Amino acid sequence: MDRAGIHCLIALFPLTEYIRKLVRIIFRNSRNYFIMPDQLSKRIFAELESLVLIDPHTHINPHSAASTTLADIMGYHYYTELAHSAGLPQEQIEEPGLDPKEKVGRLVKQLGDLDNTIQLSWLLDICCEFFGFEEEAITESNWEKLYDTAAEKMAQPDWEQQVLKQSGLEQVFLTNDFDDPLEGFDTNLYIPCLRTDDLVFHLGKQETRERLAKATNVDVGCAHTLRDAIAKLFDHFTSRGARACAISLPPDFSPTAVMPEEAEATVRSLYAGNELSCDESKLVSQYVFWTLAEYCAAHSLPFDLMIGVNRRVYEAGVYQGQDLYDKRTSLIQYKELFNAFPNVTFPVSVLTSTSNQELVSYSWIFPNVVINGHWWYSNTPAFITFDCKSRLEAVPKTKQIGYYSDMYKLEFALPKFRMYRRVLANVLASDFVIGRNWSEERAIELGKLVLRGNVETIFGR
Amino acid sequence: MDRAGIHCLIALFPLTEYIRKLVRIIFRNSRNYFIMPDQLSKRIFAELESLVLIDPHTHINPHSAASTTLADIMGYHYYTELAHSAGLPQEQIEEPGLDPKEKVGRLVKQLGDLDNTIQLSWLLDICCEFFGFEEEAITESNWEKLYDTAAEKMAQPDWEQQVLKQSGLEQVFLTNDFDDPLEGFDTNLYIPCLRTDDLVFHLGKQETRERLAKATNVDVGCAHTLRDAIAKLFDHFTSRGARACAISLPPDFSPTAVMPEEAEATVRSLYAGNELSCDESKLVSQYVFWTLAEYCAAHSLPFDLMIGVNRRVYEAGVYQGQDLYDKRTSLIQYKELFNAFPNVTFPVSVLTSTSNQELVSYSWIFPNVVINGHWWYSNTPAFITFDCKSRLEAVPKTKQIGYYSDMYKLEFALPKFRMYRRVLANVLASDFVIGRNWSEERAIELGKLVLRGNVETIFGR
Amino acid sequence: MDRAGIHCLIALFPLTEYIRKLVRIIFRNSRNYFIMPDQLSKRIFAELESLVLIDPHTHINPHSAASTTLADIMGYHYYTELAHSAGLPQEQIEEPGLDPKEKVGRLVKQLGDLDNTIQLSWLLDICCEFFGFEEEAITESNWEKLYDTAAEKMAQPDWEQQVLKQSGLEQVFLTNDFDDPLEGFDTNLYIPCLRTDDLVFHLGKQETRERLAKATNVDVGCAHTLRDAIAKLFDHFTSRGARACAISLPPDFSPTAVMPEEAEATVRSLYAGNELSCDESKLVSQYVFWTLAEYCAAHSLPFDLMIGVNRRVYEAGVYQGQDLYDKRTSLIQYKELFNAFPNVTFPVSVLTSTSNQELVSYSWIFPNVVINGHWWYSNTPAFITFDCKSRLEAVPKTKQIGYYSDMYKLEFALPKFRMYRRVLANVLASDFVIGRNWSEERAIELGKLVLRGNVETIFGR
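Chains A, B and C supply the protein sequences, listed in that same order.
Sequential numbering of the first sequence, starting at 1, is according to the working numbering.
Sequential numbering of the second sequence, starting at 1, is according to the working numbering.
Sequential numbering of the third sequence, starting at 1, is according to the working numbering.
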């Protein structure tokens, strides 16, 4: 019974003025009293939705940030891997030379099996918000029209700007390869971040070493020259406005201090072209990782740790749909690191909700550990809700980065942040306004802080 | 204030017709508006309750499927172990030759300490639904009458059919020993499933080897003849309509490919009567397990994995009340298996809610991994609720088997499925109809799919 | 629209008596119908709040139980560690010789960053309840007045009694060092408990051995005399009314039976002044621990196990703000212990919510394992709610100790128990009265049992 409904009701019956007033009062009071939680949450959500954001972690290619066809959107690994998991053969999804429209057509056939997933709801949200699609599902009978409408919109010269504006995005953090020249784009809009997985875990590959040499012009051959090359990367990235160093780490990784002299023989052996043993590879990883932390300290650069992923667990999976994990991991593995670098801020993401309490506790104790978003397999409402509740009630509010989109294409910021803002609004309404008697305004301020304020402070440099 | 209440209200007061209408409209509107969640959930629950089911995992003895006295029901390990845990000595519960009625009388004395548990609510539900018991608790003053009423009902010749009908059960999957002749019962009603714990973990026992020899007529002596014997079991079971191979696994089990030649010497040693070392036993287990998976592939038989139980942790416990677990287990241990058998469907149950997110993620990625029910220590509403939410929102809807009863006696399907259906209705109401704006009908369809449709598809053969 | 509101409404409009009645009925009905959850929860909470309690685990110093200044309260590690984590340097918090008022002033500067935390809400609750503080936050502009008001109240000679009465505390369990003389306080109010961390984990320190010698007058030199000394401690503590032996344990501890003869050589070596190896230290720890369990059995003393804490993970942290954990721990490590001592009651606390399901399952199976409170990093509403739900629905109600305050100063019992009672009331309302159709009275009885009744029974001796 909305306001229109009550007016209609009043008009229908020729009651005395007293009774009209009575009805209005009953309605108004019951509105405040009974439906507060739901209405309250919606009001908070509306406030959070109006906030313009900085997205602190994405995989956007700044040279091609927005999509050009629906295949760019539906090619996101969430859809290809779920469609594959539901029965679509990998060869159909990743057939070499496949036409984008044909690819979308093939994926659409499987979407019915995924229509329960929150991931698919992002897709519908995108289609509705950006392309005016208003049907309940993308089906074999309506997808072509949608595809064409989308293609037309995306062909507009200012499409990228439209998406940024409609999504309320002010800045977008990138994930740049260490040898990215960082040229040809606006680094005030697209903020460089130095991604270091290759350096730490793939220096054993000839290709990685060649890329490093090319990027730095350093003739690496020993632990010290390796260190020099890394120094050059930091110089380059920070000179181009980088705001973070970042890495994703397997569940069994445990950083430890390795000094150049300890790594010397092994690095030399590697650069002499020898195949390294498991232990030797690990030593090089540890050395490079520790060196990165040292340069983060030197440059006051936050070091994003994304902890817990095992790569290529399902090798027959689709592109980017092969990674899983072992939940038996602990932040205690990072004890030495967190103690050794008190001046480096570590925004930490964990892959599973079973690691969330550790993240809450470690950031509650360590000044240099801050909580960073809801990552990948934990990025669905049930996990976000529980994790968000436990974080907001126990960790200093200034040490929590609420969310990042992790997107590959700009169109995903809107539905992903919206999902998060909806959960956040519910938690603020139930746990703070109702549960702890906060004013609505105060709850909204807390929401805005974790959504944006802390991103500015923590990555502010 | 239900509909009857509002009529009563209207009758009580001689109001003008206008006011009567007004009251009706206020009521109807507030009904739709204010109490939607609760009423909605009840309507969805009613729809789910009306669905006739296939129970995809039980321990029913098809030759004695229903109970004959209340002792059969209260002898379920949930009650004996909880009564024991609350203080009833094991000797009193399991006294040799104990009269069934006396056993029930002894257990009843302890029930007061368990009346908070959901497990006890199943018992009360059974007594209410099947025996017309209407009191709040089973006590020392009312149990005898209940016992006698139950005995009378259970003595009716069609009791088994009554229970099946009242419970809405169309088919019931069994858990058959590998040497079960599978004769003397209707395999269209009671579906055979090959349970393989003994083969994988107890082949070291003389008794198991003798049972295998007797069941297959194969003179096993080496890895190849062991394989032949297993082949015969699959032939026998599939010829009798088996729909699954099943096994429960300890937390530290990690399947790996073991070829006959690798197992040869050890199997020969075992059959020569030698005691195996720990490592040798493990090798045999791995070999048998891998062979089972190969025959599942050959026969297109789903392989139910129930992961995480340690047997006999509390050896002084009551029968079937001795098993616990080590939560430090991971589905990464099954990486090799899931990759090696893309054509075998693995319905996976996990013992703890801390493994639930792994199950969600692995079934989201691996086409051959599907989610199976809420097992044992995770089969209570708090865990089911959280696990159910996270599954329904992230995994293709066709890859989720909502629930199985795991029952030993037919009477338990009704209360256990009802508990699950209640949780499912709540989740569908809150997360889908309210949270994602689905129609009620669509939410109900999703509920029916995970309750029944997927059981048909996944175990359809 | 509360009762006052409805009266006001009725008074405002000169309606006929019929309409007045109608409004009352609509209001009353809708009250029962629509707002039941919230009102119900509040009624249950009010009942639980009225209960006088025994607090079964605290760190109260009985010679100085209440605070003397606000610095005693704000010096609680929850505030110093959170303020430190949010940016306040450790040197400012723990400057030697720091004046209490100055300390509070420094902490207040950081409180704004913590105002979202439940921990800070305890502080505000204390200030409101005990000192009449009514503002929303403690700020740089209002803290001095608060400090002075508090100091004045605390200076009253009966302050301790006031706090006990206002908090509804009848008895308070202590955590006494093994060499505590247990003299000079009322052991009927402040109940001694033998804390044994030092004996088990720090016997390698000269100081601990000297304290043991002094406390027992036993000239320890071998495993047997060590055992004799421990026997004396138990005699002393039980003669002074001790109700529990208690210990906190690291995640990797796994008790095992070590007999005197096995420990003999190592204990002799230790007492000869030799430095022990890691393995030798572990053997001594195991021996002492097992001996403690034996004396608990001999004296029918419950043995509180607080499982999962790693000490000094963050060594640069503030006092008591340095401990964290490794979630990779399991109650399976206690299998041997729980089996070996069927007559010792083990009230078990776990540090993380990821261990909660194990605790539920182990206490569901083992008669001698009971659930004990919500400890430390799990002592915030999100974790308590989930843990409380899963416990109340699956474990015999007589085996659950709902809560203990873990406080260092008396003033904390009130806000901490209130937080728990609020969660408990919500769970009883939603899961029992609404979810399972219990009467309010029955739900309240269950609440009182876990809040107080079980404390009396389990620690009753």
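Just so you know, the hints here were simulated from the structure itself, not pulled from any lab data.
Worth double-checking, as some hints may not be accurate.
Identical copies look the same in the list; a pair holds intra-copy or inter-copy alike.
Claimed, not checked - SDA-like, lysine to any residue: derived pairs with alpha carbons at most 25 Å apart:
{"#": "1", "residue 1": "232", "residue 2": "282"}
{"#": "2", "residue 1": "282", "residue 2": "332"}
{"#": "3", "residue 1": "153", "residue 2": "457"}
{"#": "4", "residue 1": "397", "residue 2": "76"}
{"#": "5", "residue 1": "214", "residue 2": "268"}
{"#": "6", "residue 1": "109", "residue 2": "436"}
{"#": "7", "residue 1": "397", "residue 2": "256"}
{"#": "8", "residue 1": "205", "residue 2": "298"}
{"#": "9", "residue 1": "282", "residue 2": "436"}
{"#": "10", "residue 1": "397", "residue 2": "135"}
{"#": "11", "residue 1": "42", "residue 2": "442"}
{"#": "12", "residue 1": "42", "residue 2": "156"}
{"#": "13", "residue 1": "214", "residue 2": "102"}
{"#": "14", "residue 1": "397", "residue 2": "92"}
{"#": "15", "residue 1": "42", "residue 2": "439"}
{"#": "16", "residue 1": "42", "residue 2": "431"}
{"#": "17", "residue 1": "448", "residue 2": "239"}
{"#": "18", "residue 1": "205", "residue 2": "340"}
Quick caveat: nothing in here was measured; it's all calculated off a predicted structure.
So, going through the hints one by one against the coordinates:
1. For the identical chains of this complex, residue 232 and residue 282 are intra-copy neighbours only, at 23 Å inside a copy versus 48 Å across copies, given an alpha-carbon limit of 25 Å.
2. Taking identical chains as interchangeable, the C-alpha atoms of residue 282 and residue 332 lie at most 25 Å apart whether they share a chain (18 Å) or sit on different chains (21 Å).
3. Within a single copy, residue 153 and residue 457 get their C-alpha atoms no closer than 36 Å, and across copies no closer than 41 Å, so neither meets the 25 Å cut-off.
4. Within a single copy, residue 397 and residue 76 get their C-alpha atoms only as close as 33 Å, which misses the 25 Å cut-off; across copies the closest is 19 Å, which meets it.
5. Within a single copy, residue 214 and residue 268 get their C-alpha atoms as close as 19 Å, which meets the 25 Å cut-off; across copies the closest is 60 Å, which misses it.
6. For a Cα distance limit of 25 Å, the shortest separation of residue 109 from residue 436 across copies, 23 Å, qualifies, whereas the shortest one inside one copy, 48 Å, does not.
7. Taking identical chains as interchangeable, the C-alpha atoms of residue 397 and residue 256 are never at most 25 Å apart, the minima being 30 Å within one chain and 43 Å between chains.
8. With identical chains, the CA atoms of residue 205 and residue 298 are never at most 25 Å apart, being 28 Å at best within one copy and 40 Å at best between copies.
9. With identical chains, the CA atoms of residue 282 and residue 436 are never at most 25 Å apart, being 49 Å at best within one copy and 46 Å at best between copies.
10. Taking the shortest Cα distances, residue 397 and residue 135 sit within 25 Å of each other only across copies (20 Å), while inside one copy they are farther apart (40 Å).
11. Taking the shortest alpha-carbon separations for residue 42 and residue 442, both the intra-copy value of 16 Å and the inter-copy value of 24 Å come in at or below 25 Å.
12. In this assembly of identical chains, residue 42 and residue 156 lie within 25 Å of each other by CA distance neither inside one copy nor across copies; the values are 34 Å within and 49 Å between.
13. Taking the shortest alpha-carbon separations for residue 214 and residue 102, neither the intra-copy value of 39 Å nor the inter-copy value of 57 Å comes in at or below 25 Å.
14. For a Cα distance limit of 25 Å, the shortest separation of residue 397 from residue 92 across copies, 21 Å, qualifies, whereas the shortest one inside one copy, 47 Å, does not.
15. Proximity of residue 42 and residue 439 under a CA criterion of 25 Å is satisfied in both settings, with 15 Å inside one chain copy and 20 Å between copies.
16. For the homomeric pair residue 42 and residue 431, the shortest alpha-carbon distances inside one copy (15 Å) and between copies (15 Å) are both at most 25 Å.
17. For a Cα distance limit of 25 Å, the shortest separation of residue 448 from residue 239 qualifies neither inside one copy, at 30 Å, nor across copies, at 58 Å.
18. In this homomeric assembly, residue 205 and residue 340 never come within 25 Å of each other (Cα to Cα): the closest approach is 29 Å inside a single copy and 27 Å across copies.
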